[in-house]
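Novice: Kindly produce the complete structure, drawing on both the sequences and the hints.
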Amino acid sequence: MSDPVLSVNELTVSFGTRRGRAKVVNNFSYDVGEAETLAIVGESGSGKSVSSLALLQLLPTPPARVEGRALFRGADLISMTKSEIRGVRGNRVAMIFQDPMTSLNPVRTIGFQLMEPLKIHMGMSDTAARARAIELLDTVGIPSPGGRVDDYPHQFSGGMRQRVMIAMGISCSPDLLIADEATTALDVTTQAQILDEIRRLQEEMGLAVIWITHDLGVVAGIADRVVVLYGGSMMEESVIDQIFDERRHPYTRALLESVPVSGGDRPHRLKAIQGLPPDPTRLPPGCPFAPRCRHAVERCSNDAPRLRAPAEGHRVACHLDPADFHD
Amino acid sequence: MTATSSRDDHYAGEPIAEHRSRLRATVDTILLNRLAVTGLIILLLLVIAAAIGPLVAPYGINEISIPDRLQGPSASHWFGTDDLGRDLFSRVIIGSRVSLMVGFIAVGIALLIGVPIGLASGFYGGAVDSWLMRLMDILFALPAILLAIAVLAVLGPGIGNAMIAIGIVYTPIFARITRGSVLTIKESVFVSAARSLGATDIRILRTHILPNVVAPITVQTSLSLAFAILAEAALSFLGLGVQPPDPAWGRMLAEGRGFFEQAPWMAIFPGLAIVITVMAFNFVGDGLRDALDPQQRSVIESRGQG
Amino acid sequence: MLFLAFALVASACSGDDGIDVSDAPADDTGDDDTSDDATGDDDSGDSRSGGVLLAAQGAEPDRLDPHLTSAFASFQVLENVYDTLVQPGADLSMEGALAESWEVSADNLTWTFTMRDGVTWHNGRAFTAADVEYSYNRILDPEAGAANAWRFGSVESVSAVDDTTLEIKVSRPTPNLLVSIGAFKGMAIVPREIVEDGTIDTQPVGTGPFKFVSSSPDQGIVLERNDDYWRADEGLPYLDGVTFTQIPDQTVKLTNLQTGEVDWVDTVPPQQLAGLEGDDSLVVMRVPGGDYHYFALNQNRPPFDNVLVRQAIATAINRGEIAEAAQFGAATANQAAIPAGTFWTYDYSPFPAADTDAAAALLDEAGVTDLTIEFLVSSEFPETVTQAEVIAAQLDAIGVAVEIRDVDFGTWLDVQGSGEFDAFMLSWIGNIDPDDFYYAQHHSDGGFNFQGYNNPDVDELLDAARVETDESARKALYEEAATAIIDDASYIYLYNPENINAWGANVQGYVVRGDNAVRFEETWLDG
Amino acid sequence: MTAYVLRRLFQMALALLGVSIIVFSLIHLVPGDPVRVALGTRFDPDVHAALTKRAGLDRPILVQYFSWLGDAVRGDLGVSFRSGQPVADLLFERLPATITLAVAALFVALLVSVPLGILSAVRSGSKLDYGATAASQVAVSVPDFWAGIMYILLFSLSLRWLPPSGYVSFSDDPVEWLKHLTLPALTIGLISGSILFRFIRSAVLEALHQPYTRTARAKGLTERQVIWSHVMPNAWIPIVTVVGLQLGFLLSGVIVVEVIFAWPGLGRLALLSVQDRDFTVLQGAVLLIAFVFLSVNLIVDLLYGYLDPRVRQK
Amino acid sequence: MTETLLDVRDLRVHFPIYSTGIRRKEVARVQAVDGVSLSIGAGETVGLVGESGCGKTTTGLAILRLVEPTDGSVSFDGDEVGNLSKGELRKLRKRAAMIFQDPFASLDPRMSIGDSISEPLLIHKLFPDRNDRIDRTCQLLEKVGLSPNYRDRFPHEFSGGQRQRVGIARALATEPDFVVCDEPIAALDVSIQAQVMNLLEDLQDELGLTYLFIAHDLSAVQHLSDRVAVMYLGRIAEVADRSQFSAGLKHPYAESLLSAVPIPDPHLERTRERILLEGDVASPLDPPPGCRFHTRCPYATERCSNEEPSLRDLGGGHQVACHLYD
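Chains as they are written, first to last, in our numbering: chain A, 569 to 895; chain B, 9 to 314; chain C, 331 to 857; chain D, 29 to 342; chain E, 559 to 884.
Accuracy of the hints is not assured; some may be wrong.
[Said to hold, decoys possible] Which residues of chain B face chain C? A partial, calculated answer using Cβ under 7 Å:
| id | residue |
| --- | --- |
| 1 | 68 |
| 2 | 70 |
| 3 | 72 |
| 4 | 74 |
| 5 | 92 |
| 6 | 195 |
| 7 | 247 |
| 8 | 251 |
| 9 | 266 |
| 10 | 267 |
| 11 | 270 |
| 12 | 272 |
[What the hints assert, rightly or not] Simulated restraints on C-beta separations:
| id | chain 1 | residue 1 | chain 2 | residue 2 | range |
| --- | --- | --- | --- | --- | --- |
| 13 | E | 856 | A | 712 | 15 to 25 Å |
| 14 | E | 585 | B | 191 | 14 to 24 Å |
| 15 | E | 585 | A | 690 | 37 to 47 Å |
Simulated from the structure, these hints should not be mistaken for lab results. Cβ atoms here follow ideal geometry from the backbone N, Cα and C, with glycine treated the same way.
Specialist: Put into structure tokens, the structure is as follows:
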């Protein structure tokens, strides 16, 4: 791999709460290469969104505390000054959020919101920015963009709003796009359209993408590499095929087995994962997944497993070997 | 397989939050709010003062002594004396009874009329709603003090009628807040759920809607108490309100305003009593709001009426 | 015929007291009043002219038609715009005003007035006896709505014989006719034309020292000097004009005086008097007036129909304490109505002060226990509330409970009229003739006898006194009546307050009058 | 839009009708009649009867009401019993003073509450936030007449900076106008401002926590741009509602302040007319106040539509 | 197919929109459900799938008369639901229950979960004795996999999955025959969805329940259902049973919907063909004439924009509403 676009090193995010500090992200490290799509997979509370917000200093501090480093093209995002990070936000690193209904300002026109980054980062004039905004809307597949640029968000459907968010994200030709559950709120047919759009833009612009989701189906369709997060810690990281084929980590495996797959006769009972995701303020001392892991042994609940690399580009945090799994 | 997982096979995990009743959770939240605690302590002291007032008051509230009039605060008269030589400390202490009673009963009246109107209006909607709310709008559009004065003129002055007058003025606020909450709660899924189980309207109102509108109403109650005390003061300033010689703070303050230069203590002590009490109610109201209902904003509506 | 200044108005009552802290200016004005020749002196007249006086009133005038208004605030203004046929002088005896002279026929039934020459209305028209005839007939006509017809109780006809002669025929001797027509601006002479064109309330036209200019909420009521005033040859009025502004709050009104925003205020809160003594920039003047404060028990209701009960209460109270509490010393406790210092003064004090034993004995004798009295008072007259509180404390000593019923004055009047009360408390101000003090209040036919006093002896005495033209005989009749009234405790008199005004040190020549009339014709501003 | 405004105007007319019925009923339930008050303590049955008849007060109440209503609909509000002047004249010579005071008070309120509210929300939890919140708590807890007299004693009597009371119209003397306006406007403006402050603070705080604010930050906007371009345009919407309500209440709720500062406004007129049972004036004053109140509400709702494109489209 | 428990014929639910003028005039109607016909046999699970706004939830509510249908008939076990009196409707609700989408909103926050579960017992006066009621509540809690010890706890103390279990227990309290499950897993975490789906299956086996399973997640629907009905803009586009489903959906919309569902298998995802739809769903305020899908349909013909296709049976109960299959 050539120099990564982003190299996250030992990222730890904790929040001060009434019951003490809660570590929501714990020693999280990963790289994103040029034109690569990295999927970060996890359930709610796994720390996947927080870890990406931390990159752009978008978490309120306090109560949040962010430690570690995130080298973006060699510069550490975490330790940047306010004005430095502003120069990066929306310019070199763009972000798309989950809910296109609330992520767009309801009282500003689409055009206004699209033009902002163009004017700030590219120094465009109003006319130039407006022309570019229309162009961008066209790029993301909004029909008759010239007529829609002065519309307000509520006049757009959910899918179109997410397209606007994407247009906003790519407006300054960023090096890295972080999409945080960008299709979760959309219907499947719309999701398919958006995924298609992202893939196309990525090819055209050579964009690196961090795709944050809980949906393994989406991951299978879009990612080059996958990071699985659970309870704030990385469980497994690998290229896409290895994750799905080898299912080295019990959590990855359980997750895949618990999802129904369309087609076929009435299948067998789903293999549900018992129990509940952990409360970040009361993480177990050992492996965060241990209490729900059907293969867990004594050691799992005491020692947190270190990441090990069973193969090139594959890292797993588990004391056990797939051979030990007894289904 | 571990022991943990075998139990998980049977039950789908333990509750994720520690067991605290809703009330307990509310109390905890309030106790974490320093201002709310301050307010509660002040109110507690006031209630105690009102309860044992006659025992601690060094003088009778109507012990007139013209030679001792307009004396400044001293060891024998902590808050000084008024224009009739009455001990202000005793009057302020006993006055807490009158002022708190005016507040509580006035707001109680507003609650008793306003909440059922709001419930009926919000729950049944349609024509009932239109008519009741238009009526409330009309009351709302009437200048509050004039309305109170007119009601007082009709009923005749006196502490009881002052309470009724203030109560009528606050009725539309409670009706509106209740209606607003009912409209929200009525649309909530758990009400549909109850309906899907075959629950009758009465049952839904009683079991599901009423307990859930208690929160905003409680908040509004504490804020309205504050404003009822201010309203009593305003009415007393205009020469209505509580009848002499009952020592209501508003009346004492209104009487004291003519003595600002000769005997500032006549206005300062009842004034402070009002300010502190009103603040205490506001603190508690804000604390309750944080604990029960972060979206509440009725303070605006209620004070506007003052 | 009787005159009753019935304007029992809040603002006036609360300030009927004062401290004579203004020796020098008061003396000056006294001199000016008595030395008429001074006004003839052009130089001194010049030095006294000029300036616009800013006067602050505590109440708002309701309307400016002198025949229809009953508000004291209106009369404060109209006093300076209108004239009456005769008017009270400094000693309150009647002097000529629009009438230069008058005669009474031998049978005392015809009064002939001769009009002053050269009087003109503010609109330029000459004043004639026909104007008087018109005005008096307007007052007499119930349809016109004037509330003063009762002052003409004995008048049979009013007719202008010619331009300068007016004849009033009465049905019985009316020794107080002059007081009736002159002591009160409600009997002012108005020109027919402004009544007929309806501008009397908005643009009054009189014959007085000042002409009405305008009235507006922001500028108040603006009067300007009447150059053609019938006393213009005396250099009067001195002022270029008077502007009345209305400031309802007592404290704020006084602050306006202290900061020089206004030159004169109509009342001073009594508790402020002591504090104002040290203020060199102000003059506070007080004079004994014809006012009295009292309360009355409802004799149509048991047990107040029992004279013993009324006497018990009159004995139990301490008038000195009440006067001190309500007026801070600017009043004289009194058991009779008419204050000291006038021809009609009658000093009679049968009740011991605060004799609780005697009072309790009287109650025992009446067989009354567990007595509760509801006192009708109004916050619009705050001193009535204070007095009731003091009385409540005093009666507590004989086991009588007092409940105070504080209502607005509109309700007060209604309750009084309906008779649904135990006791009411108020004051009478501006009385001059003894008939004003007794007839309406205590005659069984009296228009103000709401307490239900009915003593045939008193009725007889009052009827006789009304028509008695000999002053000493008349005085004797009133004293006999007063003795019965006081003994029967028809009214329980409390005290006579002083009339009081305050003004800036630059105001000269103003005098506080015993009849409470506010007249600026001889006032001027220094520098 | 037109249909909406028409509907609102229709509702307003109904509400005003309701107001007139309530005022009319109340005033006729109140003991004491205007004639009795005008006659003072001296009661002359003949004069009373004559005046009652002349004012039409001897007719059945319903007849009186409908005759009044009939005239009112034609724009004739009747004649004041107390002053003998047309009610409309009395009202309109007093309206400017009340509007001046209400608008000035609102100005003071906004001047205090907008910057402090925004700053407190942006720096929520700071010393400034606590200080401003505490000050607002005190300000809303002080009875208005007490505050008014305190200001007079301080600024007029002790410091001699400002006149204690009265009203000068702007056209007569702008400097005096401002001097006389300052204290009464301050008295209610600070109370109203404290209420607005708390509201603005919470509205801004709420907008600050919306996802679109995060989006704006993620675009690289400065905090200033985030607040003025994204947070405030949203926060204004609820704020405008409350400001409108406050203006309505200021217009109808200034009675006490008008009395203290001898301000010749509608409130004081209404109070006098209650005392004198001058019901034509009271009717007129209350209707006018209610009309202004309802109109302000309507304007606010229309403004709401202007500020919020989601409403505008409907 | 077994005996029919529920028969829906031409169900329509329209919500009127009123003008803001002085007189309330109806100016438009949201045609949320516009002619849905569906029958469900006893013991069967029928899945109702479609994208947001297609009317699937409204259909579920209208079947239980929780919204009033504008038109059409719903017959439950032979009784016409639209004609039931208030009392009879109550009886229906004893036999037909509902599970809601949002486990956070569907429980009264001020009621302990035990009270929530026993509420239907109180309403239908089923266990008049308090202790019996508690026993029954405990039993229900056990049945949905929650410890009876927690019956005094409040909803906020539980996770979404646990609350959904409470919701299920409440729905089952009166031992209903028929349950409308309205997106019961949509709001849950991935690892919890399977737990709830398994629970629903187990309960069906144990109690012989009939389900109408409403969801937008085609894989979940297909996993649970004997038959699947696909809705688009207020109408049913296709009804297929398990084997027909496996053999391939016929309606162009159903086809594209299926192809849009992401499959957690990278190899499959890379190779499979996708039908990408153009544009957005039309507004139910102003649905297009003819076939409602014709504005987005890759195969649309002139006829589709004029003539409305009706559901026709392609054999074996496989119904499609498309002119392509005439």
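Novice: Each of the hints needs a verdict: does it hold here or not?
Specialist: Against the structure, the hints:
{"no.": "1", "hint": "68", "verdict": "violated (9 Å)"}
{"no.": "2", "hint": "70", "verdict": "holds (6 Å)"}
{"no.": "3", "hint": "72", "verdict": "holds (4 Å)"}
{"no.": "4", "hint": "74", "verdict": "holds (5 Å)"}
{"no.": "5", "hint": "92", "verdict": "holds (6 Å)"}
{"no.": "6", "hint": "195", "verdict": "violated (48 Å)"}
{"no.": "7", "hint": "247", "verdict": "holds (3 Å)"}
{"no.": "8", "hint": "251", "verdict": "holds (5 Å)"}
{"no.": "9", "hint": "266", "verdict": "holds (5 Å)"}
{"no.": "10", "hint": "267", "verdict": "holds (6 Å)"}
{"no.": "11", "hint": "270", "verdict": "holds (5 Å)"}
{"no.": "12", "hint": "272", "verdict": "violated (12 Å)"}
{"no.": "13", "hint": "E:856 / A:712: 15 to 25 Å", "verdict": "holds (21 Å)"}
{"no.": "14", "hint": "E:585 / B:191: 14 to 24 Å", "verdict": "holds (23 Å)"}
{"no.": "15", "hint": "E:585 / A:690: 37 to 47 Å", "verdict": "holds (46 Å)"}
Violated hints for the displayed structure, listed by number in ascending order: 1, 6, 12.
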